[in-house]
Structure formats: C-alpha cells, structure tokens
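What follows is each chain in one-letter form.
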Amino acid sequence: MKRPEDPDADSALRVAADAGRLVLESGGETYRSEEAMLAFLTAFGVWNGESFATPTGFMLSCDGEDGRSRALVRRVRTRQMNLERISAIDSLARKATAGELGFDAVEAELCALETRSSYPAWLAIPGAALGAGFFSLLFGGSWKDALVAGFVGIALGRMVQRIQRARVSDFFANIAGGAFTAFLCMAAAHWNIADAADKAIIGAIMLLVPGVTITNGIRDIIAGDLVAGIARMTDAFMSAAGISIGAGVGLETWMLLTGVLA
Amino acid sequence: MNGAAQVAVSAVATFGFALIFRVKPRDLPLAAAGGAMAWGVRLLAGAWSGSDPMAYFIAAIAVGLYAELVATMMRTPATVIIVASIIPLVPGGGMFYTMSQATAGDAIAAATTGFATLMLAGAIAAGLAVAAAIARLAPRGLRQRARLRRPATPRDRNAV
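First to last, the protein sequences are chains A and B.
Under my numbering, think of the first position of the first sequence as 920, with each following residue one higher.
Under my numbering, think of the first position of the second sequence as 114, with each following residue one higher.
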C-alpha cells in the first residue's frame, strides 16, 4: 500500500540499485544483493520488484504507480571484500523493512557507506602479515619461513592494491603478484633468511589465492544461482591460473639469474 | 606441530584475514575463534573418519552452525562470520597447485589435484548448506532464546 512518505518508483529503484551494487562490490553473495534490493523496494512501497544478479552486474525492475514497468542495469567492476559494509547494509535493510528508517534516511546512509569506513587503511598491513605468516606456519613452515612470508605478504598486498587501482586486469595483477612472491621467497631461501622457499611462497600466496571464491561458487550453485556460481568458479580458476603462471615466471627468473651468477 | 598449536596458529591466521576482509571490530574475536574451531574440528574429524572431504564437510557444518549462532546473538549476517572463519579450511593451496601443474604441462597431476580440490570445496559448500538448513529448521523458540537484542525482523529467505 502506498503511503504518503514513500518515494516515487524511479527514486526507489535508484536507491535499491545503489544498495545492490554496494553489496556486490563488497564481495557479498549474489542472493544477498538480490534480497537487499527487493527488501528496499518492498520497504519503499514499490510493486513487483524483481532482480537478477551475477558477480559482475545485475538487473533490477519494478512497476510504478502509473502502471508502467521500470528497469535498470548496473555493472560491477571492482570487487573488494568489505564485510563491515555488508553488515551495515543488512541492518539498514532490516530497519527499512521494519519502518524505522524512511527513504531519505536510507539514501543518506547508503551515500555515507560509499565513502565512510571505520577501518583505517593501514590495518590491512598487519592483517596481511598475520595471515601470510601464520598460514606459512600452518603449512609446516619454520618461524623463519613465517617471518619471510609475513614481510612478502605486506609488500604483496600493497603491490596488488596499487596495480588494481591502475585498472589493469585482475589476471595481470595475479601474474605480477605470483612472480613477485616466488622471486622474493627464492632469494630469501638462497641467502638463508628462510628455510624452505615453498613454505614461505604458499603462505604469502594465500593472500591472493581464490579459496573463498571457489567455495562460494559451489555454494551459489547449490542454492540454485547457476549463472552466478559458474561465473565465480571461472573467476577462481582464472585467478589461480594467473598466480601460478606468475609463480612459474618468478621461479624461472630466479633460476636463470642464479645460473648466470654461479 | 601438534594439534593445539595448529589450532592457535589458525586462530591468528584467521584474525589476519578478518582484518583484510574488514570484519566489524566487534566481531573480530568471534571470527578468529571460529577459524580456530574450524581447524580443530577438521583435525578431530580427520582422525576419526580418515577421509579429507568428510573432515572438511564436518568442519564446515560446525562453522556454519557457529556462524548462525553468532548471527542470531549479535544481529550480524551469518556470512560475515562464515567468510572469515572458513578461511583455514578453504582449498586455496589446492587451486594454486592445480593450476601450476596445469601450466607446467602435467595434465594428469593437474587433474588429480584439481579433482581433490573441487571435492574439498564441494564438501565445504555442502557442509555450510547443511548448517544453514539446520538453522532454518530449528524450532522458533530455540532461535528466540539465542537472541540477545531487539525483536525478530524478517531474515534471509535463502537457505545458503
């Protein structure tokens, strides 16, 4: 039922699409993005909302009070895990559905979410160091390997971030990351800073490797989102291919260099 | 490294990834605890069943149920806890080895590793789906009792 404070269908569609795009850009599942958009449309009193999302974009449509259908398409180009934002949109959708927040408040909140973050950017640095170092330990590396993996992980995180900001393809970013990691870890093992190069490499490379993506791809397929699932699994295999090509290049380069030096 | 040390190590590794994934600061310790539990359950289930996919399946069920419990208690989406806590289980290394064997031209090794990797990923996904289904089927009273704040509002309809 239409209430006086409800927005017109066009504005509702636009704001719902913003919410769906933010969910996908923050690494949320496609069904979560679809449900968030429908929740907002329903909360704004719009009829027959329907959406279809894949990891790389979505379509959203609804019927207006004039009886005409409206639809829009959005592409999603960047995907960066941001769970805090996903929680925030989830609670926003819940508040809108419960009628605690009106249209204007939701729009303002979404706008703020786009830029605001309670996370300082530097926290990703200790995150990368801990993640890479302790995974190296878990895979049977020594403390020295873990230390090398941690430092390489920090550099790797910053490097990949820089490359992605330059809007180069993820495939290339993965090749560069793999090569960088393999080369540095081999060098560290050569000068006895690390005990086993492969344990340091696998620890640092955990930061790039698409383990969550492949699992989520299969989860999508189980849930019946076949297109999204296949897209995610392809994404996972492509990034794994990029990383291993890169690692191969890094190892070969090191072998050639030491071959020449020795 | 013995089991207890591995569990502690996976807690710290999960904490690191939770920072990268920007888990809400409030939920960070819960995510790390989930990662430790995931690895612990995997070790126990592996020793009990002797099969890797089975161990990962059971560990994923444990993570899923834990995430659902935290989700109802803290009013946060279960995904947030799942994505972080599942990190120690997730077959990232397997994906890497599969593709590096493939790029090295060793088709047979790549197929073997790739199949094992997909089995693990499938086992984890199935375990999470089972946990989500259990949480949806749980009696309402049980769910309400687990809730700390605010009254019930519509939750995710989808089961995964």
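Errors might be hidden in some of the hints.
[As the list claims (entries may be wrong)] Dumping the calculated DMTMM-like pairs for lysine to aspartate or glutamate here, alpha-carbon to alpha-carbon at most 20 Å:
#1 A:K1014 <-> A:E1028
#2 B:K137 <-> A:E944
#3 B:K137 <-> A:D1114
#4 A:K1063 <-> A:D1114
#5 B:K137 <-> A:D1117
#6 A:K1014 <-> A:E1026
#7 A:K1014 <-> A:D925
#8 A:K1014 <-> A:D937
#9 A:K1063 <-> A:D1117
To be clear, the hints were calculated from the coordinates, so they are not data collected in a lab.
Please read these numbers as outputs of a predicted model, since none were measured by experiment.
Results of checking the hints against the structure:
{"no.": "1", "hint": "A:K1014 <-> A:E1028", "in the structure": "12 Å, holds"}
{"no.": "2", "hint": "B:K137 <-> A:E944", "in the structure": "17 Å, holds"}
{"no.": "3", "hint": "B:K137 <-> A:D1114", "in the structure": "36 Å, violated"}
{"no.": "4", "hint": "A:K1063 <-> A:D1114", "in the structure": "7 Å, holds"}
{"no.": "5", "hint": "B:K137 <-> A:D1117", "in the structure": "33 Å, violated"}
{"no.": "6", "hint": "A:K1014 <-> A:E1026", "in the structure": "13 Å, holds"}
{"no.": "7", "hint": "A:K1014 <-> A:D925", "in the structure": "15 Å, holds"}
{"no.": "8", "hint": "A:K1014 <-> A:D937", "in the structure": "17 Å, holds"}
{"no.": "9", "hint": "A:K1063 <-> A:D1117", "in the structure": "12 Å, holds"}
Consistency note: the structure conflicts with the earlier hints numbered 3 and 5.
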